[in-house]
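Take these sequences, add in the hints, and give me the full structure.
In order, the protein sequence lines correspond to chains A and B.
Each residue of the first sequence is one higher than the one before, starting from 39 at the first, in my numbering.
Each residue of the second sequence is one higher than the one before, starting from 493 at the first, in my numbering.
Honestly, the hints are just simulated from the structure, not real lab data.
Since the structure is predicted, the reported quantities are computational estimates derived from the model, not experimental observations.
Backbone N, C-alpha and C define an ideal beta-carbon position, used for all residues, glycine too.
Don't take every hint at face value.
Anything over 12 Å on all C-beta distances counts as not near chain B; from chain A, calculated [said to hold, decoys possible]:
#1 R116
#2 G123
#3 L192
#4 P301
#5 F307
According to the in silico footprint, chain B covers these stretches of chain A (three or more CB under 8 Å from chain B) [what the hints assert, rightly or not]:
#6 281–293
#7 328–342
For lysine-lysine, the following DSSO-like pairs were computed, each having C-alpha atoms within a straight-line distance of at most 30 Å [as the list claims (entries may be wrong)]:
#8 K393/A with K44/A
#9 K280/A with K448/A
#10 K44/A with K440/A
#11 K393/A with K375/A
#12 K440/A with K393/A
#13 K111/A with K496/B
#14 K785/B with K915/B
#15 K707/B with K44/A
#16 K111/A with K915/B
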Amino acid sequence: MAPRIKIPATKYPVERFTLGNGLRVVLSPDRSAPVVGVAVVYDVGIRSEPEGRTGFAHLFEHLMFQGSANLEKLAHFRHVQGAGGSFNGSTHLDYTDYFEVLPSGGLERALFLEADRMRGPRLTEENLRNQVDVVKEEIRVNVLNRPYGGFPWLKLPPVMFETFPNAHDGYGSFEDLESATVEDAQGFFDRYYACGNAVLSVAGDFDVAEATAMIERHFGDVPARPAPALPDFFEPDLTTEKRASYTDRIAPLPAVAAGWRVPDPIGAFEEYLPFAVLAEVLTDGDASRLVERLVQRDRAATTIGGYLGFMGDEYQVRNPTALLLQAHLPPGGDADKVLRTIDEELDRLTTDGLKEGELARTQARMATRLLHETDAVLGRALPMAVLELQRGRPGLLNDLPKLISEIGDKQIVTAAAALRPERRASVEVIPGGAGA
Amino acid sequence: MTSKTLPDLVPDAELNLPPEAERTLPNGLTVIAIRRSAVPLVEVRLRIPFGRAPLAPATLLSQALFTGTSAMSSIDIAAELQAVGGSLVAGLDPDRLLISGNALSDGLSRTLELLASVLTDATYPAEEVSTERERLVDHIQVALSQPAHLARVALQKRIYGTHPYAVQTPEPEEVRGVENAALRDLHDARLRPQGAILVLVGDIDPDQAIDTAEKTLGGWTGSAPDGSIEPTPLIETGPLLLVDRPGSVQSSLRLALPGIARTDADYPALTLANYVFGGYFSSRWVENIREDKGYTYGSHSLVEHFVAGSAWLAAAEVATEVTGPSLLETLYELGRIASLPPGEEELEQARRYALGTLRLGMSTQAGLAALASMYAGFGLRLDHLREHAASLTAATRDEVAAAAARYLAPSRAVIVVLGDADKIESQLSVLTAVERSAE
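Structure (structure tokens):
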């Protein structure tokens with residue numbers, strides 16, 4: 039056995055401060071490439087949208103690009119791209135992010151654009167109707183017109199959870215989207231898009247003193263509004279197994295996904311982290327347990343993957359969340375058998391423990407993946423913003439490879455032992471498409 | 493409300509290329525090593541010319557390359573790579589086999605050793621290959637249910653005719669018929685260092701990294717037969733090709749025009765004209781069919797380059813009920829860019845975007861590795877970026893207008909639409925001649 043490779047760490051500097059109006063700021067300078075990433079995250083996501091307004095958090099994200107006090111419709115896009123940059127936004131269960139990456143000379147412009155919409159977007163009937171149409175096309179592209187659309191991130195939560203915030207479809211029904219009004223949007227902004235409910239982060243090629251002055255200049259006069267009370271979306275764990283299935287009219291082959299609740303990602307981080315490593319022990323690469331067994335040996339699955347969080351955002355999600363396994367099966371594949379085999383492999387792991395070197399190599403690969411993501415300025419700006427928002431700990435991004443490397447065999451076995459069939463929710467895709 | 497002024501941009505500093513070294517080893521392998529030390533990783537890209545390789549065996553080979561050597565099983569290989577934080581996968585296009593991955597930089601030597609053992613000693617064991625064969629058939633089956641894949645397949649057949657680029661995914665039946673021996677023969681014939689290019693990017697000393705490559709890969713030898721492909725044919729115009737996908741709730745709209753190579757003198761001007769038309773979000777096409785009309789979630793146009801030819805491609809997924817109107821706006825915008833010069837400000841905006849995108853693409857190890865490997869496949873090196881940036885900066889409005897007239901004229905475009913034919917044929921046929929696909 040070759041000596042264990044040393045797990046390296048990054049040392050990105052982290053500066054934190056709060057403006058007078060309550061906006062939290064994270065700066066992480068690194069001048070190795072002449073680019074900057076700017077992210078603003080708001081502490082509101084899919085779980086906070088009201089009943090009868092499924093998909094509203096995401097629709098509202100689109101409206102944040104439709105102009106603000108000093109910006110006409112289309113101006114945001116043109117100003118970012120005319121600075122040589124790119125932009126986007128995304129809506130998650132617990133937060134919504136907005137971001138730009140640009141050549142460093144565009145930093146102040148990006149800050150201006152984010153500050154302008156933080157003061158308030160231009161909410162008009164015309165823009166709302168236009169973006170409802172765009173979002174419907176987005177749902178058609180990503181869910182309705184393709185095989186396995188929304189599997190499992192939209193299909194498993196209603197099996198696993200009872201309450202509306204955790205169980206509902208975050209992309210939204212067309213009916214709810216079409217019912218959305220400008221008043222709804224104004225109310226959502228007033229309630230959730232307070233600067234006290236947001237974090238701004240900047241990563242990359244800039245000088246801290248200069249960037250701080252720019253941030254004061256552009257964000258300093260955003261009216262102070264406090265954050266709303268943080269909701270608690272807790273619901274009790276399953277005590278009996280839950281199963282569901284649905285027919286996908288386009289999919290040619292069966293698939294199955296299973297989820298188990300995991301400890302609170304924030305309140306019980308030490309107990310949570312072993313599950314992140316367990317997911318990789320089970321599914322990362324041909325030498326992982328479930329790939330070896332289900333894909334290579336039994337040929338019961340074509341692919342299998344595992345991760346934490348319904349959107350794969352394992353360090354950027356709040357309680358309750360889950361460890362997910364998802365498998366695509368060959369023609370005639372038996373989802374039941376796949377679930378039974380997973381149980382068997384979890385039992386084996388619990389009983390026999392890990393093999394020599396198994397954990398170390400998994401940790402080494404996890405380190406590579408984490409480091410790889412942080413090489414991009416947005417791979418630092420975005421997670422640091424969310425880690426500040428949810429934990430007040432943006433530097434966790436630097437610490438993760440080491441924390442993961444310190445997880446021991448015993449913690450993995452304990453985590454595996456918790457994935458009992460009676461705590462499991464699963465959803466099976468029945469193929470309804472050609473070739474099925 | 494007090495109005496606020498948009499801050500000026502700070503002009504870009506000169507484009508700096510990262511330190512690099514290049515050497516062609518005695519076995520004919522060219523190694524390019526580039527230093528970007530921001531994170532302690534190394535990116536690996538090995539590009540092996542694979543033109544004219546038989547499609548089904550080549551595709552299966554790319555899936556089965558890491559299934560075993562005389563000394564190691566597929567699981568051993570995966571575990572050994574993982575132990576240094578590594579992973580390698582192979583992918584195929586009509587020009588090349590590309591092995592790509594990354595590892596902790598301390599694991600470079602071990603990663604290349606494992607790569608060498610696969611290159612020189614892959615055994616294609618029967619059991620493992622049989623699994624990969626079935627998995628590949630399943631993947632193809634799933635691809636055949638995806639509208640984007642089906643539209644691409646139809647478009648490639650339409651523009652490339654009988655040229656080798658026309659078909660890039662094998663039929664399931666062809667994959668089932670590939671024997672293990674065919675993989676070994678193909679491997680022996682084509683996986684050779686002569687003409688292959690290895691790119692290493694990361695927290696490395698470039699000269700030492702090349703020494704490491706020489707030490708680990710020096711025993712890989714031989715040359716492959718010439719795999720060069722004849723130039724792509726002229727694209728023949730004709731009626732819009734309508735491919736039926738019953739029940740489709742969107743239509744996949746595709747257009748193609750003959751393209752030009754990156755090194756063509758007109759290429760920078762075409763690049764800018766394409767951005768103004770539909771190559772980025774702030775283009776006329778996206779602003780029209782998405783932000784004004786709400787017909788689509790997104791549309792995009794680009795020049796796609798293969799070694800034997802380039803083509804301009806445009807793609808949008810639009811709602812079934814507005815398929816005709818979407819084509820109308822698309823042809824209008826294409827006609828407008830080909831007929832009238834772009835506005836001064838929209839051209840400057842596209843130019844700044846083009847230049848900024850080059851900088852962003854170079855700002856990560858993975859971005860540099862992708863660029864360097866792709867350029868090298870076309871005989872270019874990273875310094876082409878500097879030349880390309882200078883040409884983008886210099887291109888005049890007249891040159892951009894001329895390039896648009898020459899390369900983006902809708903009269904020369906071929907159009908393929910995949911969707912629910914019974915619902916969209918009448919919408920399309922009011923605009924242009926329509927021919928239903930026989931398949």
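**Request:** Enumerate the violated hints, using their earlier numbering and listing them in ascending order.
**Result:** 1, 2, 16
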